[in-house]
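Quick note, the sequences are listed as chains B and A, same order.
In this text, residue positions in the first sequence follow this note's numbering: the first is 1, and each later residue adds one.
In this text, residue positions in the second sequence follow this note's numbering: the first is 1001, and each later residue adds one.
These are calculated hints, taken from the structure and not from any lab test.
On a predicted model such as this, the values are computed, not experimentally measured, just so you know.
Any given hint might turn out to be false.
[Unchecked claim] Quick list of in silico lysine-lysine cross-link-like pairs, DSS-like style, CA-CA up to 27 Å:
| hint | chain 1 | residue 1 | chain 2 | residue 2 |
| --- | --- | --- | --- | --- |
| 1 | A | K1080 | B | K94 |
| 2 | A | K1299 | A | K1328 |
| 3 | A | K1299 | A | K1165 |
| 4 | A | K1097 | B | K94 |
| 5 | A | K1288 | A | K1215 |
| 6 | A | K1215 | A | K1246 |
| 7 | A | K1275 | A | K1288 |
| 8 | B | K94 | A | K1037 |
| 9 | A | K1215 | A | K1299 |
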Amino acid sequence: MPRAFTPKVVTANHLLEGDVIYQTATGWTRDLAQAEILEDEAHAELRLVEATQQRDVVVGAYLADMEPTDAGPKPKHFREAFRMRGPSNYSHGKQAEL
Amino acid sequence: MYHYNDFDTAFLAERNAQFRAQVERRIDGSLTEDEFKPLRLMNGLYLQLHAYMLRVAIPYGTLNSAQMRKLAEIAERWDKGYGHFTTRQNIQYNWPKLRDVPDMLDALAEVGLHAIQTSGNTIRNVTADHFAGAAADEVEDPRPVAELLRQWSTDHPEFQFLPRKFKIAVSGSEVDRAVTKAHDIGLRMVRNDAGEPGFEVIVGGGLGRTPMIGKIITPFLPKADLLPYIEAIVSVYNLLGRRDNKYKARIKITVHENGIERIRELVEERFTAIKEQFAGFDQKLLSKLETSFAPPAFKTGNTKGFEAARLTNPAFASWSDTNLSAHKADGYAIVSISLKAHGATPGDATADQMRVMADLAETYGHDELRISHEQNVILPHVHKSDLPAIYAALRDAGLATANIGLVSDIIACPGMDYCALATARSIPIAQEIAERFDELKLEHDIGPLKIKISGCINACGHHHVGHIGILGLDRAGVENYQITLGGDGSEDAAIGERAGPGFSADEIIPAIERLVLGYLDLRDSADETFLQAYRRLGAAPFKAVLYPDQAKQNAA
Ligand code: HEM
Ligand code: SF4
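Generate coordinates for the entire structure from the input sequences, incorporating the hints supplied.
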């Protein structure tokens, strides 16, 4: 039986800055809370294709599992939690910049 | 040391101009990421979790003060004020912006550094013993040979698309400080019965998902045959190595599948066929290189100040006990500067620290610095009378940690704090272990112990050859750490054995503590190291302290 689709966001790295970005309904954001949460599989696939086509803006777009909460999407996996925050040895990356 | 000639300088300028144009074309959209990625990787530019990463080669780990200052300047101008020294004698910058990278490469070229062949299926940065040219136990300085190999391999037309990456390490001494047995080719300098220097040649070592100890293909290769013989090995591999499966493509698998006897036959055949083509050119180049690595003019003088400082300053005495190694010149010592302050990120140095080390090298160290695969910085030539002044300057810069070779001198790869391939973090584990043993104040009682941590199966942190190895994995969405025991990266190289089930991030520090305290009970005297005790007793008593519940069950 195919697994049920779970909510996701489209995420990638920014071509020039290299940092983590998330797709919104209208563009891109660095703040996961602003990201567009995708609850429908076909729509998610479409949004991913659209993201991938913006090759002068983004690198390596993919769908990441998220849990929808009142405060916005929450990463399911610790890798996404680190991408959202930055490294643990210095206060660099998003935890320092957002 | 070796200085670039006009050819090198022009070559590098052209390569950098080429890459600058490629970056422009990527930014204006004329190159896709699929087209650009192999180009950027050829120039040492990776994309990691939070940012790009630029990996700069430090050939055979040798730097002068001007180069170190340039690394500091780059860290400040285009990064976040620090750099990360790695197990492959590279420095990595974790935060460059794509547009800045061509400028960074031009800045590096000003001091003869670059990022070429730090990636891709080519012959990578040749690594060497970090005590090269200084160690008391050395047969010969391995760096002329390493430089010869670097010149031969850089842009070698036949070897730009090998089945997989290819790493060569050279040790100038029979004591192996370059982990030669875990490289695609390892060269260990030895003397034959007639006293002539040559190489024990080792092939097919490697770590990663299938760790293997290299096998001796020839116990003694005369120095004069080196280049044709190495070329023969690489070209046999180039034809025979598997291109159908990335995980079976390294020469370790080729050797494993074909057997060392078959490989030896093929290499000998090829060697005989190509030897004449070298026509002594390589030997002329080598003797030129040997003059550029001539030892500095060592000074003479008494070392009374050093002895006196040892008596009056216990902290200095402790530091000089752990951080100095025997030098071949009278009155000299090799200084290892620890980049492993308790709780710091292994291998990281700030721009200010880099400048302090550059100044010390210039003032006291014949302008030489080395980067070790253990992620520390070396001042290879220091007269003992200068040690108290050096120690004081290091202490002021937070660089005087007295822990070389001890439990907190941990190798750790960047892990999931930076690396896109990681399955778990490694840096925080290293930080916590170091802090814990610092609290226990047992580090010096424990003695020599190598802990090495990797954040995934690729084993960049050398965990397979750690006396205690730690491998970070993702077990059902949670970080999990597996322990291996009894690994060794020296001339008696061994791959560590898995101790048993992994530990969570919370359990791993107490587990390491149990293991090390358990060793203190198990050793037969304070002179028996962890590794010796492990070899004498086998894994069982160590597993019993690691998994006390299970041991209890077994006893019941
Ligand atoms: C962008 C970050 C990195 C990537 C993508 C990466 C990738 C890899 C991969 C895929 C392997 C396995 C090769 C194989 O088994 O065929 C490997 C091995 C290795 N890497 Fe890295 N690595 C990274 C960072 C580092 C760092 C920071 C170091 C030094 C601290 C390092 C040193 C090594 C070493 C020593 C090995 C094992 C030796 C061998 O080649 O068998 N790598 N790396
Ligand atoms: S071992 Fe894995 S996590 Fe660590 S640097 Fe290498 S690829 Fe990254």
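Evaluation of the provided hints:
For the given pair, K1080(A) sits about 14 Å from K94(B) by alpha-carbon distance, which is consistent with the 27 Å threshold. Between K1299(A) and K1328(A) the CA atoms are separated by roughly 13 Å; this keeps the pair inside 27 Å, and the hint holds. Between K1299(A) and K1165(A), the direct Cα distance comes to roughly 43 Å. Violation of the 27 Å bound is thereby established for this hinted pair. As the CA atoms of K1097(A) and K94(B) are separated by approximately 15 Å, the hinted pair is consistent with the 27 Å bound.
In summary, the hint linking K1288(A) to K1215(A) is not supported, as the alpha carbons are separated by about 31 Å, beyond the 27 Å threshold. For the proposed pair K1215(A) and K1246(A), the alpha carbon gap of about 22 Å is at most 27 Å, so the pair holds. The hinted pair formed by K1275(A) and K1288(A) meets the criterion: a straight-line CA distance of about 20 Å does not exceed 27 Å. For the given pair, K94(B) sits about 25 Å from K1037(A) by alpha-carbon distance, which is consistent with the 27 Å threshold.
A C-alpha spacing of about 42 Å is found between K1215(A) and K1299(A), which places the hinted pair above 27 Å, so the restraint is violated.
Checked against the numbered hints given earlier, this structure breaks hints 3, 5, 9; the rest are met.
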